[in-house]
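Asks: Chain by chain, the residues:
Protein chains: 2
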Amino acid sequence: MDFLNYPQPLADLISGLSRLPGIGPKTAGRLAFYLLQQPQIAESLADAIHNAMENIKECSICSNYTEQDPCPICTSEKRDSSLLCIVEQPRDVAALEKTREFKGRYHVLHGVISPLEGIGPEQLTVSQLLNRLEGIKEVVMALNPTVEGEATSIYLSKLLKPIGIKVTRIAHGLPVGGDLEYADEVTIARALEGRRLL
Amino acid sequence: MDFLNYPQPLADLISGLSRLPGIGPKTAGRLAFYLLQQPQIAESLADAIHNAMENIKECSICSNYTEQDPCPICTSEKRDSSLLCIVEQPRDVAALEKTREFKGRYHVLHGVISPLEGIGPEQLTVSQLLNRLEGIKEVVMALNPTVEGEATSIYLSKLLKPIGIKVTRIAHGLPVGGDLEYADEVTIARALEGRRLL
Numbered sequence: 001m002d003f004l005n006y007p008q009p010l011a012d013l014i015s016g017l018s019r020l021p022g023i024g025p026k027t028a029g030r031l032a033f034y035l036l037q038q039p040q041i042a043e044s045l046a047d048a049i050h051n052a053m054e055n056i057k058e059c060s061i062c063s064n065y066t067e068q069d070p071c072p073i074c075t076s077e078k079r080d081s082s083l084l085c086i087v088e089q090p091r092d093v094a095a096l097e098k099t100r101e102f103k104g105r106y107h108v109l110h111g112v113i114s115p116l117e118g119i120g121p122e123q124l125t126v127s128q129l130l131n132r133l134e135g136i137k138e139v140v141m142a143l144n145p146t147v148e149g150e151a152t153s154i155y156l157s158k159l160l161k162p163i164g165i166k167v168t169r170i171a172h173g174l175p176v177g178g179d180l181e182y183a184d185e186v187t188i189a190r191a192l193e194g195r196r197l198l
Numbered sequence: 001m002d003f004l005n006y007p008q009p010l011a012d013l014i015s016g017l018s019r020l021p022g023i024g025p026k027t028a029g030r031l032a033f034y035l036l037q038q039p040q041i042a043e044s045l046a047d048a049i050h051n052a053m054e055n056i057k058e059c060s061i062c063s064n065y066t067e068q069d070p071c072p073i074c075t076s077e078k079r080d081s082s083l084l085c086i087v088e089q090p091r092d093v094a095a096l097e098k099t100r101e102f103k104g105r106y107h108v109l110h111g112v113i114s115p116l117e118g119i120g121p122e123q124l125t126v127s128q129l130l131n132r133l134e135g136i137k138e139v140v141m142a143l144n145p146t147v148e149g150e151a152t153s154i155y156l157s158k159l160l161k162p163i164g165i166k167v168t169r170i171a172h173g174l175p176v177g178g179d180l181e182y183a184d185e186v187t188i189a190r191a192l193e194g195r196r197l198l
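Chains as they are written, first to last, in UniProt numbering: chain C, 1 to 198; chain V, 1 to 198.
No lab work stands behind these hints: they were computed from the structure. Check before you lean on any hint, since a few could be wrong.
The list cannot tell twin chains apart, which means a pair is met if one copy fits it or any two copies do.
EDC-like mimics (lysine to aspartate or glutamate), calculated; alpha carbons at most 20 Å apart, straight line [unchecked claim]:
1. K137 to E193
2. K137 to D80
3. K166 to E134
4. K57 to E43
5. K161 to E97
6. K26 to D92
7. K161 to E54
8. K26 to E97
9. K26 to E88
10. K161 to D184
11. K103 to E117
12. K57 to D92
13. K78 to E181
Okay, chain C solo, but in the shape it has when bound (with noise of 0.2 Å):
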């Protein structure tokens, strides 16, 4: 896209929003005219994004994000200091934590292992992860299905095993409200092989 006829600082502002992910040049240009028309949501917003950066650091012992090191979580007396999630993404923290369902502690992995990108476990949370097993029972794997995901798992449980702790692994099946005949096969082929007593 031609930026050349506009000011400058509005090009910059163009393409500053265009690096972030899912907006192209044309929603880049609809934000930047919409901000340059309301200036006082663009000034929070420029706020805001400063503060984040300033304010949000890794909790030092589970990687998540939090504002106080170590984070709320990780300090709780509530939380099951016994029991372990571990998960590729802070977002994946806020997933869990809005079913109110796991009483346990978790550990950011920031990734997951992925030959093909470079990534392999001294890039993860992994040293971090074998520095804090002390007290831990059970180690519930919640790492997204896919590829890399799996063999992250994998590798994980064949390090947690030997020290005698026990890795589970969250359920794979069809979503609540999902539909059988729109499922993939390996879906199906996971949700029959975790198939439980009714």
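Fit chain V to the supplied structure of chain C, relying on the hints for placement.
Replies: Showing chain V alone in chain C's frame:
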């Protein structure tokens, strides 16, 4: 959506992003996590917003967005100073400039007359328009083909014609590459009305 599980600066960032048009809370969450993972992109976006807010102003002659006042188009000697094109928004100027077909100057109304939304000529740049008519021979209306756009075109033409200025309107008809089958009746009627000798 429940932001309780997010640290406050992150919740603020998500809420700031979700105030952008077309961005719901889910997308805002995705963008916020992306920005936290890409601090360089985030900081440069925040700077671009601040910079645009500080340095972009409206040209005192044509009301287009500009860094220098008056804007480069209003001061350019190469532009036909007897020809003026009236548009709704600064982005319409950019769209017209991209064609490289128009050699006159612009006037940005920053909206259209809309009694329902309480927008009359006083809320637009109509008085600035009336102050710059010296030497203008033709005014081209390039407002959007909506009810409000049409009404504003008619209102302005009634002001301009008595002064002896030729008032024209850009053609309405089938978009190039468009399909007669899928065009609405009003567009086809306008295309018939505006037919020209081959």
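Asks: All hints, please: hold or fail.
Replies: So, going through the hints one by one against the coordinates:
Taking the shortest Cα distances, K137 and E193 never come within 20 Å of each other, neither inside one copy (26 Å) nor across copies (80 Å). Within a single copy, K137 and D80 get their C-alpha atoms as close as 10 Å, which meets the 20 Å cut-off; across copies the closest is 80 Å, which misses it. In this homomeric assembly, K166 and E134 come within 20 Å of each other (Cα to Cα) only inside a single copy, at 13 Å, whereas the closest approach across copies is 85 Å. Proximity of K57 and E43 under a CA criterion of 20 Å is satisfied inter-copy only: 15 Å between copies versus 23 Å inside one chain copy.
Proximity of K161 and E97 under a CA criterion of 20 Å is satisfied in neither setting, with 26 Å inside one chain copy and 66 Å between copies. In this assembly of identical chains, the alpha carbons of K26 and D92 lie at most 20 Å apart only when taken from different copies (13 Å versus 31 Å within one copy). In this homomeric assembly, K161 and E54 never come within 20 Å of each other (Cα to Cα): the closest approach is 39 Å inside a single copy and 58 Å across copies. For the homomeric pair K26 and E97, the shortest alpha-carbon distance between copies (16 Å) is at most 20 Å, but the shortest distance inside one copy (36 Å) is not.
In this homomeric assembly, K26 and E88 come within 20 Å of each other (Cα to Cα) only across copies, at 18 Å, whereas the closest approach inside a single copy is 32 Å. Taking the shortest Cα distances, K161 and D184 never come within 20 Å of each other, neither inside one copy (31 Å) nor across copies (67 Å). Taking the shortest Cα distances, K103 and E117 never come within 20 Å of each other, neither inside one copy (34 Å) nor across copies (51 Å). For a Cα distance limit of 20 Å, the shortest separation of K57 from D92 inside one copy, 17 Å, qualifies, whereas the shortest one across copies, 42 Å, does not.
For a Cα distance limit of 20 Å, the shortest separation of K78 from E181 qualifies neither inside one copy, at 42 Å, nor across copies, at 65 Å.
Going through the hint list in order, the structure does not satisfy hints 1, 5, 7, 10, 11, 13.
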